[in-house]
Amino acid sequence: MTNNVTRRDFLINQRKKADSLKNVKSDWPTKRVAKLYRQFLEDKPAPYYTPLKEYTPVPITPSKRHMTVDWHEDAAAHLLRRTLFAPTFSEITSTGVDTMENTVSTLLATQNQPDPPGDWVTEPPPQFDTLTEEEIMELIETYYYRHFQLIGWWMKRMATQPMSIVENLSLFWHDHFATSFDGVFFPQAMYQQNSVFREHCLGNFRELLRRISFGPAMMIWLNTNSNRVNHPNENFSRELLELFTIGVDNYTQTDVEEAARSFTGYVTNGVNTNYNYNQATGYGSYWQQRHDFAQKTFLGQTGNFDGDDIIDIILQQDQTALFICEKIYKWFVYEVPDETFVNEMATIFRNSNYEILPVMEYMLSSDHFYNENYRGCMIRNPLTVTQGIFRQFDIADENMPLRYLIDLQYFMGMIPNMPPDVNGWIGYRSWLNSITLPMRKLFASSMTEGSNLFGGNFDFQPDVIAFAQTLSNPNDAEAIVRDFAKLFFPLPISEALETQLLDALLDGAAVYDWDISNAGAAHRLRNLIKYMIRKPEFQLI
Amino acid sequence: MKRRDFIKASMVMSILGAKLPLMALGKSHQNIRRKTGTWESDRILVLIKMNGGNDGLNSVIPVFDSLYHQARPTLAFNENQALMVTEDSGFHPQMASLFPIFQNGEMGIIHGVGYPQSNLSHFRSSDIWVTGSPSNEIWTSGWLGRLFQNEYPNFPDGAPNHPVAIQFGSANLLEFQSTQTNFATMLFDPEVMYAIINENYVPGSNDPPPATYGGDELNFVRELDLTTLEYSEEIYAAGQDGNLTVEYPNNNLGEQLAVTAKLISGGLMTPIYRLHIGGFDTHAGQSNDHSQRLNQTSNAISAFLQDLKNQGLNDRVMVMTTSEFGRRVGENGSNGTDHGTSGPIFTFGTTTIGDVYGSQPSLSNLDNNNNLLVEHDFRQVYSTLIEDWFGMDSSISQSVFQDTFDPIPFVANPLSVNGSPTVPDSFTLFPAFPNPFNPATNIRFELPSEARATIRVFDLKGREVQTHNLGKLNSGQHDFRLDCRDLSSGVYHIQVEAAGSVQSQRVTLAK
Chain A
230 MTNNVTRRDF
240 LINQRKKADS
250 LKNVKSDWPT
260 KRVAKLYRQF
270 LEDKPAPYYT
280 PLKEYTPVPI
290 TPSKRHMTVD
300 WHEDAAAHLL
310 RRTLFAPTFS
320 EITSTGVDTM
330 ENTVSTLLAT
340 QNQPDPPGDW
350 VTEPPPQFDT
360 LTEEEIMELI
370 ETYYYRHFQL
380 IGWWMKRMAT
390 QPMSIVENLS
400 LFWHDHFATS
410 FDGVFFPQAM
420 YQQNSVFREH
430 CLGNFRELLR
440 RISFGPAMMI
450 WLNTNSNRVN
460 HPNENFSREL
470 LELFTIGVDN
480 YTQTDVEEAA
490 RSFTGYVTNG
500 VNTNYNYNQA
510 TGYGSYWQQR
520 HDFAQKTFLG
530 QTGNFDGDDI
540 IDIILQQDQT
550 ALFICEKIYK
560 WFVYEVPDET
570 FVNEMATIFR
580 NSNYEILPVM
590 EYMLSSDHFY
600 NENYRGCMIR
610 NPLTVTQGIF
620 RQFDIADENM
630 PLRYLIDLQY
640 FMGMIPNMPP
650 DVNGWIGYRS
660 WLNSITLPMR
670 KLFASSMTEG
680 SNLFGGNFDF
690 QPDVIAFAQT
700 LSNPNDAEAI
710 VRDFAKLFFP
720 LPISEALETQ
730 LLDALLDGAA
740 VYDWDISNAG
750 AAHRLRNLIK
760 YMIRKPEFQL
770 I
Chain B
46 MKRRDFIKAS
56 MVMSILGAKL
66 PLMALGKSHQ
76 NIRRKTGTWE
86 SDRILVLIKM
96 NGGNDGLNSV
106 IPVFDSLYHQ
116 ARPTLAFNEN
126 QALMVTEDSG
136 FHPQMASLFP
146 IFQNGEMGII
156 HGVGYPQSNL
166 SHFRSSDIWV
176 TGSPSNEIWT
186 SGWLGRLFQN
196 EYPNFPDGAP
206 NHPVAIQFGS
216 ANLLEFQSTQ
226 TNFATMLFDP
236 EVMYAIINEN
246 YVPGSNDPPP
256 ATYGGDELNF
266 VRELDLTTLE
276 YSEEIYAAGQ
286 DGNLTVEYPN
296 NNLGEQLAVT
306 AKLISGGLMT
316 PIYRLHIGGF
326 DTHAGQSNDH
336 SQRLNQTSNA
346 ISAFLQDLKN
356 QGLNDRVMVM
366 TTSEFGRRVG
376 ENGSNGTDHG
386 TSGPIFTFGT
396 TTIGDVYGSQ
406 PSLSNLDNNN
416 NLLVEHDFRQ
426 VYSTLIEDWF
436 GMDSSISQSV
446 FQDTFDPIPF
456 VANPLSVNGS
466 PTVPDSFTLF
476 PAFPNPFNPA
486 TNIRFELPSE
496 ARATIRVFDL
506 KGREVQTHNL
516 GKLNSGQHDF
526 RLDCRDLSSG
536 VYHIQVEAAG
546 SVQSQRVTLA
556 K
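Protein sequences appear in the order of chains A and B.
To convert, count from 1 in the first sequence and add 229; that's the numbering used here.
To convert, count from 1 in the second sequence and add 45; that's the numbering used here.
Source of the hints: derived by calculation from the structure; they are not laboratory data.
For each residue, glycine too, the CB sits at the ideal point set by N, CA and C.
Do not take every clue at face value.
[To be verified] Chain A regions said to be covered by chain B (calculated; three or more residues, Cβ under 8 Å):
1) 254 to 260
2) 451 to 457
3) 463 to 470
4) 595 to 606
5) 665 to 672
6) 753 to 766
[As the list claims (entries may be wrong)] The following residues of chain B were derived to be distant from chain A, with all beta-carbon distances above 12 Å:
7) S142
8) D172
9) A329
10) Q351
11) N377
12) I398
13) F482
14) D524
15) R530
16) A555
Next comes chain A alone, as it looks inside the complex (with noise of 0.2 Å):
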């Protein structure tokens, strides 16, 4: 019996066992390791996952198109909602009055590859049988702990990063390869697949799918590792085929396995594969012995292929484009793709040979895009919600407490490096259901206090008053609020709902008495926040 039980170990306790399991390989990368992996993990929490998606569509009025977009502060912040995980008011205000060819431009601009998380990413594997049990247990521990260095390295990112598409791109990357940690074992080959994301957001499509497929993280995730000739395992090539380049229904169950026999014989120790880039092919005694040199038939075409072939094959196919073509628009446009414009996106990207920049270019400087109707008609995934707020209030310093926001992202079902399964988050409305709504709600009203949520308080507090300061002016009631609407909600507000918020800042005092310098400013700014942040307008961007 306990009278002590916080929160925080109750719903940790929710979610314990049994679903972090679920992708440990019993044999990776060796059956002892796994047995020993497998125990630690037994006593560790695991994540939440919420369910998976249904929406009710709704039909398409085709818009119109290459037009002239009429760029404004609204258009503005729009894009800057869609591209980053929160734009800061600063930003809105900024890109508002400069062009729109501008701002995509800087959002579009290649970033530096940053400072990895720690010298270890580049780490060789041990040798597991010269090592005893404490050993191995030790190194478990020292590897589970580097994962959530890696979650927690790029969940900083998020919140700190400049004004650039890289950091929700690469999200929107990991979620398309969506490849969890909990199988792979090895921290070096999460943060090299991290990298490749980073590096190739951006850049050709083909280069991408080659460095993830032969990458050592997609190597064990999806068994690659252990397929081999007369043996093939054909999960990664279904995945290949179905989720991660044409979609189901676009080829047959003879497909798959002609595509996992080519793609037999690669193998990886963890952070180093047997696959050379260059060459475009596998080497040593161990694709000499595993991989399947007989002819396949993929695609009604015939050969002696390997990996690289099947992606090629897979690369011929119009509906390929199609399909990358239809997921991008629905992580960034909307959740039912419009027909005609998506065709058009596929166009531009088959006949660039699969260069993302310029369709992303495309999407974004569209009269579509900016089309009244797909304002805040996207539910914020978690990470928008608890790396937005950090953005947005400016707070992502050294303080910033990411062991607590990658708890909170078990309620909320979205740790990065930790997907429900390989078919990635389901997103749109699955976000929201009876838990998550309100544990959102919870998080953000806790977060303007500064309290955490499982109990107790952070080493800080947002101040409030100098993000206040941030805004248009700070000595006007009523320009605070429609300030916040900006940051907060991004339909627009009545008359009706704006003076709702402007009572809940004034408490009852008229609009001439605000005074950003009196005593209880802060905590009316806070109430403000609050209110706002727990209406349902705040869920959209």
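Take the given structure of chain A and dock chain B to it, following the hints.
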């Protein structure tokens, strides 16, 4: 720390301090009218999804079949290991706690459940099971969603005060999705849930949502916000009144079943619960994983059944397991099994007729991909639940699945026939002509007596694309010209609703 130790009334108080927010629950939602549900019975269905595709051949094991042993050199069980339930088949050893339940006649085994033209993708196959679609069609509403929509067309208006369906964890919400709404409420601990929801509900008047996609989403969030608040009160109250009489295993499914038992015991009238247990996708190193999962599943279910019996609730509850597919006959190179086709469904309780339905799947007669053949369509099982367990008219299950499926007699006390109101002379729907058509076709039907009639057109994704309310019509023959010039070419379902029943047919628009 065991879960039952801290499900205590005082818990919420300790979390939130003294000010438990029994505050005004907002006035804006007072205007939503509710009525008592018209589901005729107080029967409850508890569905448990074994996520990942349970290996049926290693659950109910053909221990004497030499083909089985050949196909599974490292994974097979023999007759000494298995718990023999029939002359030639036995349970997996880790299903020991279910063995006495089967012997007591309180467990049904429905063999070979799947659907024609099996799809080996998790996601597609899961979707097929939850939507109830044919395997070559993509439907975007769930079978339970359509069932509830039939009962509560204006949900949440007209719906009861309790959730109509409760769902734990990560099961597929698509199952409860209709063309209009989602009927399921996600649940974790009732007390904590109630406290958090109430604490964070912001009452107040709302802006009218704009007539844009953004406005649609705002409506969605608002509706969820409100129903979540209302349902949490009902769930909380039931959780306070409910009891547990057994110790549940300390695993995820055990916890879900404990909460379910508590709510049923506390009088919550929610008719459907969907639970889940993960980890059945045993591609590699199956023997450990599968044993562990079967053990957890079996122990949790047997505890639940005992609890229901202790509390005299057993005659109201049907328990059933489902899984998106079975697994391949032969083991793969990684001591696991790959995605297959059919597998057994288990039914539990004094409410089921303990028996084996169908036969152990043949290992010599396989499909083209060397997979097990399907003996029962899962929609037969679901239709039986709708008709025999919940006592609804067969026209309802027909409209849910757009097809008729033969029932399987596993329900001990079927409610159908005597429970449902008889429909006087159902109306007649004639084949549309012309068909295929462009751009219009004629829908002819004959009413036995004066009745209201509605014609709805659905596309293959289950979206309602046209609705024609024809109002009250006289008895006799009626023609309606259905104009589809706004629709694109393809197959559509025409549904005519009149005189208390629904009839439908497929038409093809060829532009």
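Cross-check of the supplied hints:
no.: 1; hint: 254 to 260; in the structure: holds (count 3)
no.: 2; hint: 451 to 457; in the structure: holds (count 3)
no.: 3; hint: 463 to 470; in the structure: holds (count 3)
no.: 4; hint: 595 to 606; in the structure: holds (count 6)
no.: 5; hint: 665 to 672; in the structure: holds (count 6)
no.: 6; hint: 753 to 766; in the structure: holds (count 5)
no.: 7; hint: S142; in the structure: holds (18 Å)
no.: 8; hint: D172; in the structure: violated (8 Å)
no.: 9; hint: A329; in the structure: violated (6 Å)
no.: 10; hint: Q351; in the structure: holds (22 Å)
no.: 11; hint: N377; in the structure: violated (7 Å)
no.: 12; hint: I398; in the structure: holds (31 Å)
no.: 13; hint: F482; in the structure: holds (21 Å)
no.: 14; hint: D524; in the structure: holds (28 Å)
no.: 15; hint: R530; in the structure: holds (15 Å)
no.: 16; hint: A555; in the structure: holds (20 Å)
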